Amino acid sequence: MQPFADVPAELERYSRQIRFQNLGEDGQRNLVRSRVTICGCGALGTVLANHLVRAGVGFVRVVDRDFIETHNLQRQILFDETDVAENLPKAEAAARKLRAINSQVTIEPVVTDIDHTNILDLVGDADLILDGTDNFETRYLINDAAVKLGKPWVFGGVIGSEGQTMTILPGQTPCLRCVIETSPPPGMTPTCETAGVLGPAVAVVASFEAVEAIKILAGKHEAINRELLMVDLWDWSFRRLKIASLKGKVDCPCCGRREFEWLEGRMGSHTTALCGRNAVQVAVRRDQPLDFAELAGRLAPLGQVRHNQYMLRFATEGHEFTVFPDGRAIIKGTNDIAKARTLYAQFVGS
Amino acid sequence: MAKVSIPTPLRPSAGGQATVEAAGSTVGEVLADLTRQHPDLQKRLFAGEGQLHQYVNVFVNDEDIRFMDDLDTPVKETDEVGIIPAIAGG
Chain A
1 MQPFADVPAE LERYSRQIRF QNLGEDGQRN LVRSRVTICG CGALGTVLAN
51 HLVRAGVGFV RVVDRDFIET HNLQRQILFD ETDVAENLPK AEAAARKLRA
101 INSQVTIEPV VTDIDHTNIL DLVGDADLIL DGTDNFETRY LINDAAVKLG
151 KPWVFGGVIG SEGQTMTILP GQTPCLRCVI ETSPPPGMTP TCETAGVLGP
201 AVAVVASFEA VEAIKILAGK HEAINRELLM VDLWDWSFRR LKIASLKGKV
251 DCPCCGRREF EWLEGRMGSH TTALCGRNAV QVAVRRDQPL DFAELAGRLA
301 PLGQVRHNQY MLRFATEGHE FTVFPDGRAI IKGTNDIAKA RTLYAQFVGS
Chain B
1 MAKVSIPTPL RPSAGGQATV EAAGSTVGEV LADLTRQHPD LQKRLFAGEG
51 QLHQYVNVFV NDEDIRFMDD LDTPVKETDE VGIIPAIAGG
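Chains as they are written, first to last, in full-length UniProt numbering: chain A, 1 to 350; chain B, 1 to 90.
Check before you lean on any hint, since a few could be wrong.
Unchecked claim - SDA-like, lysine to any residue: derived pairs with alpha carbons at most 20 Å apart:
#, chain 1, residue 1, chain 2, residue 2
1, A, Lys242, B, Asp33
2, A, Lys247, B, Gln54
3, A, Lys249, B, Gln54
4, A, Lys247, B, Asn61
Worth flagging that the hints you see were computed from the coordinates, not collected in a lab. Since we're looking at a predicted model, the values are computed, not measured.
The following block holds chain A by itself, in its conformation from the complex (with noise of 0.2 Å):
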């Protein structure tokens, strides 16, 4: 096919979106200048990272803790049963997948659980902060960093067939605790475990965050949506609900009163269950990475033991450890945060 006489040869790969009139040229080349943090690579993470590398934002860092289980290929679109059997962390293996997809693009993978010691580091050189978490912790910690910084970032939620997405400008328009003032206590809401997730309403909710991504990135401000959308794809509802009028009417601690109690570490725990998979994640900060072939050495009487470079897996009494470098740990078989806590102080030692 010939190329497009109107696109220079450089922005060739990206014509059938400079095509679109309301990007433009002018869009994609702010685009191949701009960076983007996306928090999370699951379900949400990999469809967001499938876009903006494709539609080609010049920079992206892909940050997420844990690594790929075969209940995950079902709606985590970068990662395949390969992943899966060389026990590859989700950022790496998104980072393998993303530079095939376009070489153009500066791919950063980064293997750490976000929170208040390294948040802003991830996202401090980031034109835009994007949404793929699971939880409101990490969501409330973004709305944070993303205030003090002044960055905008898009918040993306799913479950079951339902989803929600809100974009938040700081400064003008409601930031995430404006409009959700506190998440749901455990228990009081469904988990992935009990309400399931499918993938088309995961691939829809990430896609709207893409665009408005682009939006932004692009220097299309004037299009950027102002309200929160919520969509259930199983009964084809869809809202829109104004909330552009909570910005300065309700007394928000965070963009109203700037008092950033996550980022400061006041709120969110460093053990956290983990939504739907009968697993606490411990997390021991370390100055000095772990050494696997030693711990290994230490574990092998005692269960089954394996590593790689990313992580070591030991299998015992009914748990699984899924063990980092940076000392963090995945433990399966349990949702009580103090086992886990027992049983890292028994096998991998505090």
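Chain A is already provided as a structure; the job is to place chain B on it using the hints.
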């Protein structure tokens, strides 16, 4: 009577229904009638007497009641009262 839309997580407490007709001239009255019909919803919606949980957002025709008169916001027969959940997954 106003129509109250029930989010998926709360439907088991509302006899499985997606919408419930409830009587009242304010949001507070409509929700009181709703919880009379479905008592299990009381503790899912309210933290105490006349006080919604912070994580329960209520809209009348797509406007947040916090921007209007909260539970005193007037409701007409043709209005839809929406209970909007916070969706955590992803």
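Evaluation of the provided hints:
| no. | hint | verdict |
| --- | --- | --- |
| 1 | Lys242(A) - Asp33(B) | violated (26 Å) |
| 2 | Lys247(A) - Gln54(B) | holds (17 Å) |
| 3 | Lys249(A) - Gln54(B) | holds (15 Å) |
| 4 | Lys247(A) - Asn61(B) | holds (19 Å) |
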